[in-house]
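Residue numbers (numbering that gives the first Met the number 0), protein chains in the order written: chain A, 0 to 417; chain B, 0 to 253.
Note that these hints are calculated values from the structure, not bench results. These numbers come from a predicted model, not from an experiment. All residues carry an ideal CB built from backbone N, CA and C; glycine is no exception.
Result set (SDA-like, lysine to any residue): computed pairs, CA atoms no more than 20 Å apart in a straight line:
id : chain 1 : residue 1 : chain 2 : residue 2
1  : B       : Lys231    : A       : Leu268
2  : A       : Lys76     : A       : Arg264
3  : B       : Lys251    : B       : Leu235
4  : B       : Lys231    : A       : Pro273
Simulated restraints, written as ranges between beta carbons of each label pair:
id : chain 1 : residue 1 : chain 2 : residue 2 : range
5  : A       : Ser92     : B       : Gln36     : 58 to 64 Å
6  : B       : Ile69     : A       : Ser402    : 35 to 41 Å
7  : B       : Ala187    : A       : Glu186    : 52 to 58 Å
8  : B       : Tyr73     : A       : Gln385    : 41 to 47 Å
9  : A       : Asp326    : B       : Glu108    : 19 to 25 Å
10 : B       : Arg243    : A       : Ile307    : 33 to 39 Å
11 : A       : Gln321    : B       : Lys118    : 33 to 39 Å
12 : B       : Lys219    : A       : Gln385    : 55 to 61 Å
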Amino acid sequence: MSERIREKLNILADAAKYDVSCSSSGSNRKNNNKGLGDASSAGICHTYTADGRCVSLLKILLTNHCIFDCAYCVSRKSNDIERAAFTVEEVVSLTMNFYRRNYIEGLFLSSGIFKNADFTMERLLKVVKKLRLEENFNGYIHLKTIPGASEELITEAGMYADRMSINLEMPTESGLKLLAPDKSHQEVIDPLQLVQNQIVQFREEKKLIKSVPKFVPAGQSTQMVIGATPETDKDIMQTADTFYKKFDLKRVYYSGYIPISNDNRLPVLGTQPPLIRENRLYQTDWLMRFYGFNVNELLNDANPHLDIDIDPKLSWALRNMQHFPVDINVANYKMILRIPGIGVSSAKKIVQARKFGRLRIDQLKKIGVSYNRARYFIQCADTPAQLKDYQGTQIKSFIMAESQSKYRNTTNNQLILF
Amino acid sequence: MITYVYDGSLEGLLTAVFEWFERKPGAVLLRQSNLHQPDAFQEDFVVLSDRKKADRVWAALQQKLSKGWIRRIYCAYLSELPETHYHIFELVCYVFQSEAGAENNFGNEHVLSVSQTAKKVEREKHRMEAFIRFQETTDGMFYCAIDPDFNVLPLISKHFKNRYADQQWIIYDLKRKFGLFYNLETVAEIEMQFTADTIKSKAKPDMISGKEALYAMLWKDYFNSTNIPARKNTKLHIQHVPRRYWKYLTEKQV
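If we strip away everything but chain A, and leave its shape as in the complex, we get (with noise of 0.2 Å):
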């Protein structure tokens, strides 16, 4: 018995990694009836992969039997590859059991398509149920949204998880017919649409009658795999930042594409995944959610792709550096926060404190500004007069031979001596 429940999760598990939401925050669900857990805090991350990854959810297929053959995905109908699924009572005694321990979060629910797209959401609502109505599970729960399932499961699953999502795959149309012809982005777009109407719906009716029941108070969120498809980093933050402000996601995850298949559509086996372009544009999301960057700024028709040794931010600065040097003691904050080398919780500490008198750069250093790479862009009490004027190429090369980046070739050009 439990060799079988070994194989099955061992499967199942490796079959769901490539998705790679995994927070736990966001939902305010509390453990008001003595039950088991409570997903009101902030996300936690109870172990990180040797990948680096955080593990914060129990992340499983319900079953790898797909009817479709996306040459993108592992578990795509013509792949040779062992198949196994879950029973209803087996996913829910591994997440009470798991969560007991404080191994995990919560259940991140999703699953290949077998039959049909309401066969399937069934089940998965048949899971989730039995977690909050049977086992009073409060936990924070992550389904996946089956695309063309009917309005009605769509909407009683938004009742018992936390947070729904449903993947982009590829960030343009004419990306995804080309590795998967029988999908589209409208199907992708309609149960999202449907989602967020309910969210609104809900949120609304709160305000005016308080017993009015939870609908994915974490939100939704989606995934766009990079590299499988020759879109630019502009198609794929454009693509983004519509989707972020259409259906008010909480998060648009990019998954650098790891070869899994000898299709020559795709690049080929063994090819390194795209991990620093992956890292780039995460930043530049962060960029345009945390720092009040228009994705136009960043990405435009001139630079349609980010630089890959340094960073976007900086990379803005260097292509506009008429707005520099910017002074510290009375600039406003927006202006702070763009600044290379100065994060969000330094700049608030910066306009805070600077009402007590001119900062100095020894404590622009203690209150944790990078003021190595900040020093070409800012001006404070006591930085020391500077009569040449530096280009921004100039400011680069500075940078870059003083900063150790872990993405940096290790191959030196340089004979080494000694």
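Based on these hints, arrange chain B on the given structure of chain A.
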């Protein structure tokens, strides 16, 4: 300069503030009595912890500061670092002597130091919430022993009480020799007697419930199958899960 000698408790620390304002001796040094070395050329002043005086200071502080800052000061106190206690003392004196809002002067070393230490303590608290791994014992109790860098048990008690409302659990701090026990109603402080060979973060094998081995194994399996070997990044892994915490983690045991 006078040296204020106190007993290391929060009460003592707050009493020291009270005594300072009563006397206004100018700059002082603050020393814990167990770490204090009397100096031939400096005067000592022994602060006797006084509940009433401490309460007065604490109440005044609550009026002066936001809830966030009260928590920061409490967290910084739980760090148990002598120099941080000194920074708290200086910060509290500074706040009382200044206009409202002075606590946001991050250019002041005491303000910055207290807020940075508080952040460290909160980080350790968060790590404990993440890295504690319960083991189910034969009598249905969920047990875990830890030795955190800072005294975070008072901070994590509410989190675990809310979360595991339907199971009895014990979290024991091996370093500070006290623990928390939840009896399905309230959380109580407990002390346990260990013999030399039982001081371990794991329960004794004969005390562990039969299901424990199965779920520990399933969890290890899950941990391994969710890893993507093509993305291996050991540096990042260690950054997130520093080696000193591995002893707690079921998935890191061979």
